[in-house]
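Top to bottom, those sequences are chains B and V.
UniProt numbering puts the first residue of the first sequence at 1, with every later residue one more than the last.
UniProt numbering puts the first residue of the second sequence at 1, with every later residue one more than the last.
Simulated from the structure, these hints should not be mistaken for lab results.
Treat each hint with caution, since some may be false.
Which copy is meant is left open, so a pair is good if it fits within one copy or across any two.
The calculated lysine-lysine pairs, modelled on DSS-like cross-linking and capped at a C-alpha distance of 27 Å, are [claimed, not checked]: (1) Lys-185 x Lys-18; (2) Lys-62 x Lys-18; (3) Lys-290 x Lys-274; (4) Lys-49 x Lys-18; (5) Lys-196 x Lys-124.
Each chain, written out:
2 protein chains.
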Amino acid sequence: MIEICEVGPRDGLQNECKIVPAETKVELITRLIDSGIRNIEAVSFVNPKVVPPMADAEEVLKLLPKRNGVRFGGLVLSRSGLERALKTDVDFLHVVTTTSDSFNLRNVKRTVEQAVGELSLVIKEGAASGKGVAGVLGTAFGCPFEGDVPFENVLKVAERFMEAGCTEITLADTTGMANPIQVQKIAESFFDAFGKDLSLGLHFHNTRGLGLANVLAGYQAGVRRFDSSIAGLGGCPFAPKAVGNVCTEDMINMFHGMGVNTGTDLPSVLETAKWMETVMERPLDGMLMKAGIA
Amino acid sequence: MIEICEVGPRDGLQNECKIVPAETKVELITRLIDSGIRNIEAVSFVNPKVVPPMADAEEVLKLLPKRNGVRFGGLVLSRSGLERALKTDVDFLHVVTTTSDSFNLRNVKRTVEQAVGELSLVIKEGAASGKGVAGVLGTAFGCPFEGDVPFENVLKVAERFMEAGCTEITLADTTGMANPIQVQKIAESFFDAFGKDLSLGLHFHNTRGLGLANVLAGYQAGVRRFDSSIAGLGGCPFAPKAVGNVCTEDMINMFHGMGVNTGTDLPSVLETAKWMETVMERPLDGMLMKAGIA
């Protein structure tokens, strides 16, 4: 059994050129829940001026159906994001930093050390409020400006985040640089460092066609939670260098072929992917939509 | 170290709408050789009326540069193909059948048993002529009309082909139905049946996005030869909804990231992929062309 964390409504739609209204996001999320997905990164509490497609976080959360066993996550990058999140009933805060100074300075004008210092307080306060807190570590498999990110640096950020109150860690391949051997090594090192019970997730982009090969390598190394995006949303050709996440239905198809339970109904997920293509009014990256279930 | 069998000039160009002249095929193959590729499926001795893009097999072979250590293969599906091949200096005959009656009847109007009977004679005569003979078994991972193809059936065809004189076997996922667990199981079963020294190759299509994940699974199971197509060109013209082969430069990028030698120069292969896009006058499927080498 693996767990899917569906990030299409957040990481996917954030990287599309067309802005989708809150009602459509809610319909998308409702459909995903109906197909069996139980962990959804639904919103982002990022500055609405910086990321307009995510400005409606509070509205989306208000409109979302409440269902037993379904968990909604929201991205938190700063104290101001935390303050917004704590006024909502979002279940999990996904607290994010990259692990490369060059990338982090360009992205949020802070070194990794500065970011981790500030975010540790955010994590503590979030955890104290009773919400779940997940730590998401970007550029964990390489940085487009620095190249390799030393594994020790990634591990150190994870330690600080877990000390502050994160109960799970997701390693993100922000710009699609991971390869299967590296995925295996990093995942095994994380289990060695934090124990086999660590709730470890992986977040891949299909930038260089390696998304599912990396998911496979992570699964073989013992990882059981994977981020993915319905229809491979997030690769709008007009967005600068955006390439979609691993595609949810393509990933489910792989796991079902391998005899691994995902808790989801693939034909129903596939229908939602096709519907999403009509919503976005452009061909999306998912392959199963074109080929059909084998 | 892995060996790439480049099938773009044959399996790729066969399924493109634009017909490419012999001189361009020769330029493509020459570029691939200059990038380090040593095994190239260059032509097909199929009926020119059925597959017009491949009608120039003899001309392409005459124009190709002769280089030490480079091997040119040609597809042979029948006795008439063999007769043409034997009049050329092609190095290897790639003798093909599918392993599913339904598929084979639609494709070449013969049951698998009938095809294997005829092709065994072709293989014997080809081997007796001094040329190398490789057996290629299509639908080895599933048939779009029948579903699963029993492993025993695939193994039986391989046995007959090797008895007749094939020195290597390639298992082909004609319509992109393979999954990594299945690849692992079939590859291991082949090594169990024929010994670890079996020259086993795998031929995947990226129909459902699993091309590189399946290559990875095959590599992990001990396979060291993989078919791929420059820029992701092509697919099987007889298979419903087939899409391109695994993309050569994307596969090289994966293996180099994993520290596995391919004997090729990736930047130079990538240049050829980009050139191929200008030749075909349409965007091709390769991902690395868009994202660049990490």
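For each hint, the structure was consulted:
1. Proximity of Lys-185 and Lys-18 under a CA criterion of 27 Å is satisfied in neither setting, with 38 Å inside one chain copy and 44 Å between copies.
2. For a Cα distance limit of 27 Å, the shortest separation of Lys-62 from Lys-18 inside one copy, 22 Å, qualifies, whereas the shortest one across copies, 53 Å, does not.
3. With identical chains, the CA atoms of Lys-290 and Lys-274 are at most 27 Å apart both within one copy (9 Å) and between copies (25 Å).
4. Taking the shortest alpha-carbon separations for Lys-49 and Lys-18, only the intra-copy value of 16 Å comes in at or below 27 Å, while the best inter-copy value is 47 Å.
5. For the homomeric pair Lys-196 and Lys-124, the shortest alpha-carbon distance inside one copy (24 Å) is at most 27 Å, but the shortest distance between copies (55 Å) is not.
Of the numbered hints listed earlier, the single one contradicted by the structure is hint 1.
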